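Participant: Read off the chains here:
2 protein chains.
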Amino acid sequence: MDELPGSLGTSASLALRFGQTIFSTASLLFMCLDIQFYSYTAFCYLVTVMGLVVPWGMTLVIADAYSVFVKCLPRQPRILLIIILGDLALSYLSLAAACSTASTTNLLLDSDESYCPGKLCTRYQLSAAMAFLSWFLSLGSALFNLWLLPSL
Amino acid sequence: MDELPGSLGTSASLALRFGQTIFSTASLLFMCLDIQFYSYTAFCYLVTVMGLVVPWGMTLVIADAYSVFVKCLPRQPRILLIIILGDLALSYLSLAAACSTASTTNLLLDSDESYCPGKLCTRYQLSAAMAFLSWFLSLGSALFNLWLLPSL
Chain A
536 MDELPGSLGT
546 SASLALRFGQ
556 TIFSTASLLF
566 MCLDIQFYSY
576 TAFCYLVTVM
586 GLVVPWGMTL
596 VIADAYSVFV
606 KCLPRQPRIL
616 LIIILGDLAL
626 SYLSLAAACS
636 TASTTNLLLD
646 SDESYCPGKL
656 CTRYQLSAAM
666 AFLSWFLSLG
676 SALFNLWLLP
686 SL
Chain B
536 MDELPGSLGT
546 SASLALRFGQ
556 TIFSTASLLF
566 MCLDIQFYSY
576 TAFCYLVTVM
586 GLVVPWGMTL
596 VIADAYSVFV
606 KCLPRQPRIL
616 LIIILGDLAL
626 SYLSLAAACS
636 TASTTNLLLD
646 SDESYCPGKL
656 CTRYQLSAAM
666 AFLSWFLSLG
676 SALFNLWLLP
686 SL
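In order, the protein sequences belong to chains A and B.
The first sequence maps to residues 536 to 687 in our numbering.
The second sequence maps to residues 536 to 687 in our numbering.
Here chain A stands alone, though its shape is the one from the complex (with noise of 0.2 Å):
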């Protein structure tokens, strides 16, 4: 079997799903700590989606980082099926969850000031910003993974 660069045991995998886990992770602090987030939907939305984010990323980091710095791990077929579809299904949940948040901090920011005290309309976009990061991260390994299956 070739060594397809992105596919699941490979370096370039396991930066693609530290970048993701970091990116994640970043999000869902500047959006949870000191910060009331449970008052708009769409925040409340971020934080879950983020939440299973994650420890999805940290999971496979942890299985990329075995397979690369200690043992090859086998690939099979229907597990690969299930990374690719989870990341799918994530992806999608992410750019949602981005999008819902960058739309309202752009209408709590176009209204009245007295919605954004200090600098906390900046974090909020922060935070759209780096879900945005982990979904298209998390794109490009479904896409890489996909790109792998057919051979096996």
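Among the clues, some could well be false.
[Unchecked claim] Reference excerpt, derived from the structure (chain B facing chain A, CB under 8 Å, subset only):
1. Tyr575
2. Tyr627
3. Cys634
[Unchecked claim] Output of the computed footprint for chain B on chain A, the stretches with three or more beta carbons under 8 Å from beta carbons of chain B:
4. 575 to 582
5. 624 to 631
No lab work stands behind these hints: they were computed from the structure.
Bear in mind that the values here come from a model prediction, so they are computed numbers and not experimental data.
From the three backbone atoms N, C-alpha and C, an ideal C-beta is built for every residue, glycine too.
Position chain B against the provided structure of chain A, taking the given hints into account.
Facilitator: Showing chain B alone in chain A's frame:
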């Protein structure tokens, strides 16, 4: 070649494309007709994306209808790949537009009543719902065609 229902040139695909065109046109009309939609960024984005989805869907409705009723068109992997990529890109864009519109409408409903004179917010909600349905059908088409691709 076996006839996979839902792939390019079958009657199921014609139905999917037809629904996609109907829903995206409905979303566009609900948003555009007699409303000043350009005061919110999310609504402008929805109109832009739906303005891309409608001609794409119409073109493929015509191709499918020709293939079903007149003469079966030959399937080329290159053209199928372009259609799959276009479908995936448009489905991501329309999901993003639908989510932005839905969250903006939700925020407008939660805030002051003066932002939603008459039944305006109901129309925004209907437009977002139509965009979600259009996204779902477009994703379905993309997945069916993606399933067919390795067999060509």
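Participant: Does each hint fit the structure? Answer for all of them.
Facilitator: Outcome of the hint check:
no., hint, verdict
1, Tyr575, "holds, 7 Å"
2, Tyr627, "holds, 6 Å"
3, Cys634, "holds, 4 Å"
4, 575 to 582, "holds (count 3)"
5, 624 to 631, "holds (count 3)"
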